[in-house]
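If you want the building blocks of each chain, they are given just below.
2 protein chains.
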Amino acid sequence: MMNVPLTVGSLLERAEKFFPKKMVVSRTLSGVHRFTYKEIGERTRRLASALEKLGVEQGDKVGTFAWNHHRHLEAYFAAPGMGAVLHTINIRLSPEHISYIINNAEDKVLFIDEDLLPLVERVNEKFKSVKAYIIMTDKDELPETTLSPVYSYEELVREGDPKFEFVKDIDENAPAGLCYTSATTGNPKGVVYSHRGIVLHCYAMGLADTTALSESDICMAVVPMFHVNAWGLPFAAAWFGSTQVLPGPQFTPKLLAELIDQEKVTLTAGVPTIWLGVLNELETGNYDTSSLRAVVCGGSAAPRGMIKTFETKYGIPFLHAYGMTETAPLVTVSRLKSYQENLDIEEKLDIRSKQGLLVPGLEMKIVSATGEVEWNGQDMGELLIRGPWIADEYYRDERTKDAFRDGWLYTGDVATVDEEGVIKLVDRTKDLIKSGGEWISSVDLENALMAHEAVFEASVISVPHPQWQERPLACVVLKAPYKDKVEKQEILDFIAPQFAKWWLPDDIIFMDEIPKTSVGKFLKRALRDQLKDHLVKNI
Amino acid sequence: MMNVPLTVGSLLERAEKFFPKKMVVSRTLSGVHRFTYKEIGERTRRLASALEKLGVEQGDKVGTFAWNHHRHLEAYFAAPGMGAVLHTINIRLSPEHISYIINNAEDKVLFIDEDLLPLVERVNEKFKSVKAYIIMTDKDELPETTLSPVYSYEELVREGDPKFEFVKDIDENAPAGLCYTSATTGNPKGVVYSHRGIVLHCYAMGLADTTALSESDICMAVVPMFHVNAWGLPFAAAWFGSTQVLPGPQFTPKLLAELIDQEKVTLTAGVPTIWLGVLNELETGNYDTSSLRAVVCGGSAAPRGMIKTFETKYGIPFLHAYGMTETAPLVTVSRLKSYQENLDIEEKLDIRSKQGLLVPGLEMKIVSATGEVEWNGQDMGELLIRGPWIADEYYRDERTKDAFRDGWLYTGDVATVDEEGVIKLVDRTKDLIKSGGEWISSVDLENALMAHEAVFEASVISVPHPQWQERPLACVVLKAPYKDKVEKQEILDFIAPQFAKWWLPDDIIFMDEIPKTSVGKFLKRALRDQLKDHLVKNI
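Quick note, the sequences are listed as chains A and B, same order.
With our numbering as the guide, the letters of the first sequence map in order to residues 1 to 539.
With our numbering as the guide, the letters of the second sequence map in order to residues 1001 to 1539.
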């Protein structure tokens, strides 16, 4: 058949040709702006030509340091569209990690949001490869900055070539994107996305049995565009002609609820902590969320109680998914099979709060010390994944050999799989609690704790124990109205019926906030450091 | 990213692992049988191992001469699953064409349905490459036959290895399928389908904005499995875990209506003549068709009147699509864009009776003598298609150079495209009527004629004319109750308001049947030969 490569440029081209009137709604520092795909397409071509004029060549890395907005979307297509590699930088990384990844990637050009300039200015002296800084600002004048040389994004777009042709004869295995995932210890690890991988991932997102992204969707990626390509949504939404809503800088739960209401968002996506915040906001405000057909949630396991509240209290369909930076990210989506539709609501929630079924195109296995585990929903092992949108290395990183072995990605996630093929994450291999030779799932305990009406967030960690080796300890944040009004024992009693006695946390510590990683996941390593002597002292 | 090839074997493997309980409902000569995907998977592996034992090697062609049933489905996966190429043979071809394509393909093994044996027995002496005949029969004993050597399908399956591993390290561009398309003149032309092309086509079929094939579907491919892989449905339905209903040998409109009713079919697919027959049956019988969410129709343009009857009289959603053997076949699907949902019903029908929007992954242009036509819904030109599931040659055939040029497939279809990107087929280049230097679309006239309540089928052809070069002539089949009760002039008066006067057919000829090709399209060449002197005599 025809040897036509799958390319990122072709995704936007489809939006330009078939959905020129459809809209991108973009919130920036100066407010909400609206662009058609025709305009976005033309601006992207102009930008791509400007990159070429700045000396960016095929295979060069182009960094972005930005929120979710239309300019970031244009960079998403302009860089791979002219054969370069889009390197999205997590703005929440430490200064050391920022300079490390920019040097590791050898970024040639950096796009920076105006309000994020200070974060770059404090480290840019360490950058070894950056030849140009492009400031994304709504203003006519460039802001004062110590960076040099600096260019105005809008000026580059104005002077660019609106007829610039995206590369088409590129090897589909050529890199198109690059994103670093934070490691528990040491520097972040880079994951390269190929044109082929990104396009196949878009197909996977559009399937009726996954997220079913469609032209009729109004899609709001809350997950940052610096986090695994915002789960591929900006690419797929353009390809399918979906309206996109980009929530911009420093958004709050209130802003997200307002955007859902005003823009009639149909599908939105983000990590559980985002949705906990939005739920909180829905409980205080008065919003019309009836347009929503899917709240896609991944990044960490979504608590069963949260899913239930979204669906039963607000009638908002929830879609639990699983993936990681190394997997581009979609690996599983949790939907019922047709013959499960008759189960009662709690049984259905049990299934849907698991991570779900592998999406078409990937392979999986779950491996314990004794080989592949049985599909019985009980036996635990590490989840291994294989497929055309799964990374095969960390970029220029010796840790590649730890995670990528025998053609499989070792995810570091401990999981079970049941007779229906539904995957349930039990824990991260490093967060699993080994008590008296048995395993305790911190995730299961957290889910149970978060089902209590007073609990806002809960994180369960292992702490060293002289007799049992490790024991579980629960860190709990109470909802504001319940602060100082709930006893530990009440919460322990609440979860006790669900677990063997030796699973129950030895103590509960109430906190004002649980420390989180730069992408909103619980930072258990910090909790473990802080609390490593807690139980020993208290017993 | 990982270098994991897209393979046909992986499609069935997903059904085995994740949907082992889901069913394949198969009608054979002995009645309706039911198999789970677990059973189909094991039988397929046994069959694949049997092919290997028979001496079939990677790249060898394996022919099938069969109806739509579970054994044909198993062969669909067994041949590519062990690295061979599945060559589906159109059972309605002439004896000369059957021996030509079997020799052109160099089929090594032939699967044959018991009731189709006579069709092979009359030509098998001419076969040069066939080393084994496998008879698909429900009986314990093999039927009497002059073919040799013959094997029993079920015996091969019984003796095969249920643990046979499908090839995984194959080049995804390797051939997996082969299908011949009938040419207007000369021998049929072979089209090779690669593993990559078939898998990408499955993705295209599962998108929310195309046919949205899903696990929840009960999918009945009426389109023969010897016709462009039954439009890819057997592959995609297995991959997504859809239930499959295979209607078997010599089916009638009555049988199809019964299967829809009894099996609660949700999606079915076939050519317009099939649906005309089913409509006729629905008008006489009493069937529950409420399970249907989509009647997919392609192969020829679906008449607007038929779409309207399905939807307004029976509440059955109709999905007009377009493709050809060379395109695997899905090229366009006709769905409304979200902002067209507010149009009135007739405007919506106008859009949906066109061929629709290009599916994600393909490129198109429409070219006239003066270059690419404007997207104005008026300018006509030949439709050109490009993409990873489009053929790049006819197999061992000099006619390759006519259809495949400059990296594009020249479809031979004349089309317009409007501002929304919606393609409308005007005609086959060879069926377009050139009258007095202007073009008349036979398809538009046919649609108008078939909207008349008395008309069952209509085909408009060009006949030579001394003054105007060509003139349109309409061949019309009346519905049974209207036979001999309708005048030509009444029908001409009915369509007159829709066309310029010079577009109107010079005459209408009533027929009992319109000759059709082996896949159910009007055989206009035969009509033209038969009627080439008609007008000249009558004027």
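Because the hints were derived from the structure by calculation, they are not lab data.
The model shown is predicted, which means the values in this text are computed figures rather than measured ones.
Some clues are possibly wrong.
What the hints assert, rightly or not - Straight line, CA to CA, 30 Å or less: simulated DSSO-like cross-link-like pairs of lysine-lysine: (1) A/K365 / B/K1163; (2) B/K1163 / A/K17; (3) B/K1337 / A/K21; (4) B/K1313 / B/K1521; (5) A/K501 / A/K308; (6) B/K1168 / A/K168; (7) B/K1516 / B/K1254; (8) A/K139 / A/K53; (9) A/K401 / B/K1168.
Results of checking the hints against the structure:
no. : hint              : verdict
1   : A/K365 / B/K1163  : holds, 18 Å
2   : B/K1163 / A/K17   : violated, 48 Å
3   : B/K1337 / A/K21   : holds, 11 Å
4   : B/K1313 / B/K1521 : holds, 25 Å
5   : A/K501 / A/K308   : holds, 26 Å
6   : B/K1168 / A/K168  : holds, 28 Å
7   : B/K1516 / B/K1254 : holds, 20 Å
8   : A/K139 / A/K53    : holds, 23 Å
9   : A/K401 / B/K1168  : holds, 23 Å
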